[in-house]
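> Protein chains in written order, with the numbering used here: chain L, 1 to 263; chain W, 1001 to 1263.
These are calculated hints, taken from the structure and not from any lab test.
Worth double-checking, as some hints may not be accurate.
Said to hold, decoys possible - Negatives, chain W to chain L, calculated, CB over 10 Å:
(1) T1073
(2) G1078
(3) A1095
(4) D1102
(5) V1109
(6) T1136
(7) E1154
(8) G1221
(9) D1227
Unchecked claim - With a straight-line cut-off of 27 Å between C-alpha atoms, the simulated DSS-like cross-links for lysine-lysine are:
(10) K110/L - K91/L
(11) K91/L - K1135/W
(12) K1187/W - K1003/W
(13) K91/L - K42/L
(14) K187/L - K110/L
(15) K42/L - K127/L
(16) K104/L - K1091/W
(17) K104/L - K1213/W
(18) K135/L - K1187/W
(19) K135/L - K1110/W
(20) K91/L - K1042/W
(21) K249/L - K1104/W
(22) K127/L - K1263/W
(23) K263/L - K187/L
(24) K114/L - K249/L
(25) K1135/W - K1187/W
(26) K1187/W - K1127/W
(27) K104/L - K1249/W
(28) K1091/W - K1003/W
(29) K127/L - K3/L
(30) K42/L - K1127/W
(31) K1042/W - K50/L
(32) K135/L - K1263/W
(33) K263/L - K253/L
(34) K3/L - K263/L
(35) K104/L - K1114/W
(36) K91/L - K1253/W
(37) K213/L - K187/L
(38) K1135/W - K104/L
(39) K110/L - K1104/W
(40) K91/L - K1104/W
Note that this is a predicted model, so its numbers are computed, not measured.
Quick reminder that beta carbons are idealized off the backbone N, C-alpha and C, glycines included.
There are 2 protein chains.
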Amino acid sequence: MQKLLVVKIGGNIIDNAAALDSFLTSLAAIEGNKILVHGGGKLATDLSAKLNIPTQMVDGRRITDAETVKVVTMTYAGWVNKTIVAQLQAKGCIALGLSGADAKLIPAVKRPVKDVDYGWVGDIGSKNVNATFLKTMLISGITPIVAPISCDNEGHLLNINADTVARTLAEAMRADYEVTLAYCFEKNGLLMDINDDDSVIGEIDLANVERLKASGVINQGMVPKIDNALGAIANGVHTVVIGHANNIKHIAKHEAGFGTCIK
Amino acid sequence: MQKLLVVKIGGNIIDNAAALDSFLTSLAAIEGNKILVHGGGKLATDLSAKLNIPTQMVDGRRITDAETVKVVTMTYAGWVNKTIVAQLQAKGCIALGLSGADAKLIPAVKRPVKDVDYGWVGDIGSKNVNATFLKTMLISGITPIVAPISCDNEGHLLNINADTVARTLAEAMRADYEVTLAYCFEKNGLLMDINDDDSVIGEIDLANVERLKASGVINQGMVPKIDNALGAIANGVHTVVIGHANNIKHIAKHEAGFGTCIK
């Protein structure tokens, strides 16, 4: 079975031109099948502020009204996506920018209103992913770059969570590939002590994750990422690692000592 | 030889939600191979104004500084492109949003500074188009939706002219398809009297175009479009029509009485 690397990069890498350039240089040099998923939340917040559109977050999720879905579509699917595509081409990697709306890649449904009305926010599932399209691209030597925007059946654009996009794509591809899912950000992994970059927890599993949540080692911001990681493993993704974007080439090779491995 | 319809829609259709919806409904109903190229200049100008970025135009072309290339990328490749993609999916047309940067679709070079420094503006040519990629998409039943943004070999995003994109794609595909290129806008065609919507000139050719330019029938705004149309015919595109977006289904079938045909 062929291997596939699905990487998600977080906002603190995207915001920093030098960090992004360094990451993309490493990514371009990794041979074989790969898919990159990106966010861009801080840039969207900046653009909203310039346009006097208030930013409202609930549990780290953006309330997405009609003006905000325009801002996130412009930022994620426009500026961030095409900036990454252009830079990867220059580094010799043939990149194809996509949103979940394109070629029905990741059909979404508008999130039902329960305690919170998130607005134009979408929920997605791996069964609906257009895996055939992604496979065709990978076979052609093309690297898909996916922005966390999709649409529903009525043509409404929806804001979707980038961590969930990465997990959903990894799960959708696991029938055809041995998939490694890498959540890359500006820390070395899940840290036992948030102030000590060397306190990386080498691996976590379902048995100890509840304890780590209860003790606050897995803090509020990390909960959705860890839950997505555990879900991916439960659904047949081969390897999930949370680690530093600088270490992507080591993470891709499953080298010990780089990041937190989810079992 | 299979047929291919390459359509370019202008800004006044994109700005008007009802006109855009009506056009996309017609486009989705047209069977066979099709590619849509869009602009979005007025929306980019609006966003620039909201962000206090001055808009400078020379001969109808936008001077594109570092802030402006961000605005046009967000507007064209982000908001306009994904809005069209989402709406086409809802109408049963499987659409794939692309910029010229994606999959090296339309490699560009930064325009050399001569009398005017256009900034981050790119020039393109049909020989460099990734026609193989477009053909693969068309064979898969996918309709490419192309935003007029590309990049150079150094990873710089560049603003490219949408009329030229449509012509360049039409020329690049003519080896494999009998191509109809349709420039669609809010008028019925090239009008002998700009105030009379019924004064459509049925056809023009190289022999009379200079006279029409000299007499002002082909005014400044129309010159690049007409020149692209004539160039496309000279380079082997089967049919070029300039007409109303409302009439796209008739134009696609080459029905007489709809638009101005370039010979």
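> Which hints from the list above does the structure break, by number from lowest to highest?
Violated hints: 1, 2, 3, 4, 6, 7, 10, 14, 15, 17, 18, 19, 20, 22, 24, 25, 26, 30, 32, 35, 36, 39; rest satisfied.
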